[in-house]
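Asker: Protein sequence lines correspond, in order, to chains A, B and C. When you number the first sequence by this note's numbering, it's gap-free, plus one each residue, and the end is 173. When you number the second sequence by this note's numbering, it's gap-free, plus one each residue, and the end is 1061. When you number the third sequence by this note's numbering, it's gap-free, plus one each residue, and the end is 232.
By construction, these hints were calculated from the structure, which means they are not laboratory data. Don't take each hint at face value.
As the list claims (entries may be wrong) - Computed list of lysine to aspartate or glutamate pairs in EDC-like fashion (alpha-carbon distance at most 16 Å, straight line):
| hint | chain 1 | residue 1 | chain 2 | residue 2 |
| --- | --- | --- | --- | --- |
| 1 | C | Lys70 | C | Asp136 |
| 2 | A | Lys160 | C | Glu220 |
| 3 | C | Lys74 | C | Glu220 |
| 4 | C | Lys71 | B | Glu858 |
What the hints assert, rightly or not - Pairwise CB distance ranges (calculated):
| hint | chain 1 | residue 1 | chain 2 | residue 2 | range |
| --- | --- | --- | --- | --- | --- |
| 5 | C | Gly223 | B | Ala877 | 25 to 33 Å |
| 6 | B | Ile1045 | C | Trp108 | 47 to 55 Å |
| 7 | B | Phe878 | C | Ile107 | 20 to 28 Å |
| 8 | B | Ser1034 | C | Ala157 | 18 to 26 Å |
| 9 | C | His229 | B | Cys917 | 25 to 33 Å |
| 10 | C | Arg226 | A | Lys160 | 15 to 23 Å |
| 11 | B | Phe876 | A | Asn129 | 56 to 64 Å |
| 12 | C | Val7 | A | Thr159 | 14 to 22 Å |
| 13 | C | Leu58 | A | Asn129 | 33 to 41 Å |
| 14 | C | Val62 | A | Ala145 | 25 to 33 Å |
| 15 | B | Pro925 | A | Lys173 | 46 to 54 Å |
| 16 | C | Gly223 | A | Asn129 | 30 to 38 Å |
| 17 | B | Ser1034 | C | Val65 | 53 to 61 Å |
| 18 | A | Gly142 | B | Ser852 | 50 to 58 Å |
To be verified - On the chain B side, residues computed to face chain C include the following (Cβ under 10 Å):
| hint | residue |
| --- | --- |
| 19 | Ile870 |
| 20 | Leu872 |
| 21 | Thr991 |
| 22 | Leu996 |
| 23 | Leu1004 |
| 24 | Leu1039 |
Here a beta-carbon is modelled for each residue, glycine too, at the ideal position from N, C-alpha and C.
If you want the building blocks of each chain, they are given just below.
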Amino acid sequence: MDERNITYMFYGLAVAWGLLALYAVLLGLRERDLTKQLDTLKRMIEEKK
Amino acid sequence: MTMLRHAAAIAAKDLRSEFRTKESINSTLSFSVVILLLFSFAFDPSPDMIAEFGGGLLWMVFAFAGALIVNRSFARELPNDCIDVLVASPASGASLFLGKAVACFVLLFGIECICLPVFGIFYNITWWRSLWALLGVLALGTWALACVGTFFSALTVNLRLRELMLPMLLYPMLIPALLSVMMLTNTLLTGQALPPDFSVWLRLLVGFNIMFTTLSVYLAETILVR
Amino acid sequence: MRTKVILGLGAVALPLLLRNLYVIMFLVPDEMEQGPIYRIFYYHLPAFLVAACGYLTALVASVMYLVKKDQKYDAIAVAATETALAFAAVNLVTGMIWGRIIWGIWWAWDPRLTWALISWLVYFGYLMLRSAIDDPTERAKNSAVLSIFGSASVAVTWKAIEWWRTQHPGPVLSIRTGGVQKIDPMMENMIYVNFLALLLLGVIFMLVRLRQEEVQREIDGLRRYAHAAN
Chain A
125 MDERNITYMF YGLAVAWGLL ALYAVLLGLR ERDLTKQLDT LKRMIEEKK
Chain B
836 MTMLRHAAAI AAKDLRSEFR TKESINSTLS FSVVILLLFS FAFDPSPDMI AEFGGGLLWM
896 VFAFAGALIV NRSFARELPN DCIDVLVASP ASGASLFLGK AVACFVLLFG IECICLPVFG
956 IFYNITWWRS LWALLGVLAL GTWALACVGT FFSALTVNLR LRELMLPMLL YPMLIPALLS
1016 VMMLTNTLLT GQALPPDFSV WLRLLVGFNI MFTTLSVYLA ETILVR
Chain C
3 MRTKVILGLG AVALPLLLRN LYVIMFLVPD EMEQGPIYRI FYYHLPAFLV AACGYLTALV
63 ASVMYLVKKD QKYDAIAVAA TETALAFAAV NLVTGMIWGR IIWGIWWAWD PRLTWALISW
123 LVYFGYLMLR SAIDDPTERA KNSAVLSIFG SASVAVTWKA IEWWRTQHPG PVLSIRTGGV
183 QKIDPMMENM IYVNFLALLL LGVIFMLVRL RQEEVQREID GLRRYAHAAN
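Build the full structure now, drawing on both the sequences and the hints.
Answerer: Put into C-alpha cells, the structure is as follows:
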C-alpha cells in the first residue's frame, strides 16, 4: 500500500467528477449558443414584419 | 425469387462495368501489394512471427482493400443520378443491396486470391496446406466485410466526407468478424493443428454473417428510398 | 414544465451526489487487499450501468423512430447516446486509473476493456455521422439505422471477446453472482445508491440535451421561414 494508492484514488474521483462536469459545461455552452441563435432569429423575423 | 433474379442482374451489371473500366480493381490490387510490401519493412518478420500474426496482417490488408472497394460500390452510381434510377426501378431496395454486396464480394475475393500467393512469396510461407478450408474461411470473412461494407456505403453515399466516414464507421463494427477470421486464418495459413476453440470462432463468424446479412437486407429499403 | 422537472431532479441529485462522495471518501471501510484505490469502483461500475442504460435507450428510440418516423424519437436517441458516451468515458478513465495501481499498467487488452472501448468508438461514430448530414429526416433515418447496427455489433462483440483472455475481476454484485455475498453489504448498497445518483444525473443530462434538440429544430424551422419570407 504505497503513497500512490491514495493519490490515484483522488485522481480517480476527480476524473469521475471532472468528466461529468465537463459534459455539463459543454451542455451549458450549447444551451447559450442555441438561445442566442433563437433570439437573433426571432428579432430578425420581428423586424421584417 | 424475383428478388434474387434482380439481385443477380444488379451484381452482373456492377461487375461488367467494373471489368470494363477496371478502375477499382487495378487501384485496389496495387494498393494491397504496396501495403503487403510496407508491412514486411515495418516488421521484418521471422517465420515464427508470421505463424503468430500472419492472419492478422493479411486481414489488415484485406480490410483496407475492402474499404476501397465498397466505397466505390454506391459512389459509382452518383454521376448522372444513376442511383435514383436504380431506386426507382422495379428492383427492391433489398435486391439492389444484395446485388451490390455480391459484386463487392466477388471483386474482393478475387483480389484476395491474387494477394495470397504474393503474400506467400514475400513472407516465405507455404499457405496452401489446407487450401480449401482456408478459402472457405476467407469467403466467410469477405462476405462479412462486403455485406456490412456495402450497407455502410449506401448509408454514407451522400456525405461530403464519404471516404473518411466509411472506414471510421465500418471498422469498429467489423471487429467481431475480423477478430474471428484473423484467428482462423492464422491457424489455417501455417497448417498448424486446429486449436480446441476453433469451432467457437467459426460459429461466431457464421453467426455474425447471418445476423448482419439479415439486418442489412431488412433495412436496405429504409436507407435507399428517400 | 420541462424546466421544472429538470430543476427538481437536480435538487435531488446534487445533494445525493455530494452525500455519496462524503460517504465514499470517509465512511465506507477500506478494502482489505486494494487499499483506498478501490473507492474508484463506486463510480466505475455505476457509470458503466448508466452508460448501458443510455445505449439501450438509444437502441429502443432508434427502432421506434424507424417504426413511427417521429423526430421526437430521433432526439431521444441522440440525447441518450451522448449522455451514455459521457458516462462511458468516466467508466473507462476511472478503470484505467485503477488498473495503473492494481495491475501496474494503464491499459490491458482485456475483453471488457476492449469491449468498452469498441462500443465507445461505435457510438462516437454515430455522433460523427449525425454531424455530417444536414437534412433532418435523412439524418434521423440514417443514424437510427446506424444505431441499430451499432447495438447489434456491440452485442456480438461482447460475446466475442468473452472467449478471449481475461484479467478483469468477475462480477461482485449479489444479483450477478447468484446471491453469493462477495463484498460487504454496506459496500454493495453504496454502489446501488451511487448508481441511483449517477442515473439521476444522467436523466438530467438527457432531458437538457433533448430540449436542446427541440430548440435546434425550432431554430431550423424559423430559418426556413425567414428565408421563405424574403
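Asker: Which numbered hints does this structure break?
Answerer: The structure conflicts with hints 1, 4, 5, 6, 11, 16, 17, 19, 20, although it agrees with all the remaining ones.
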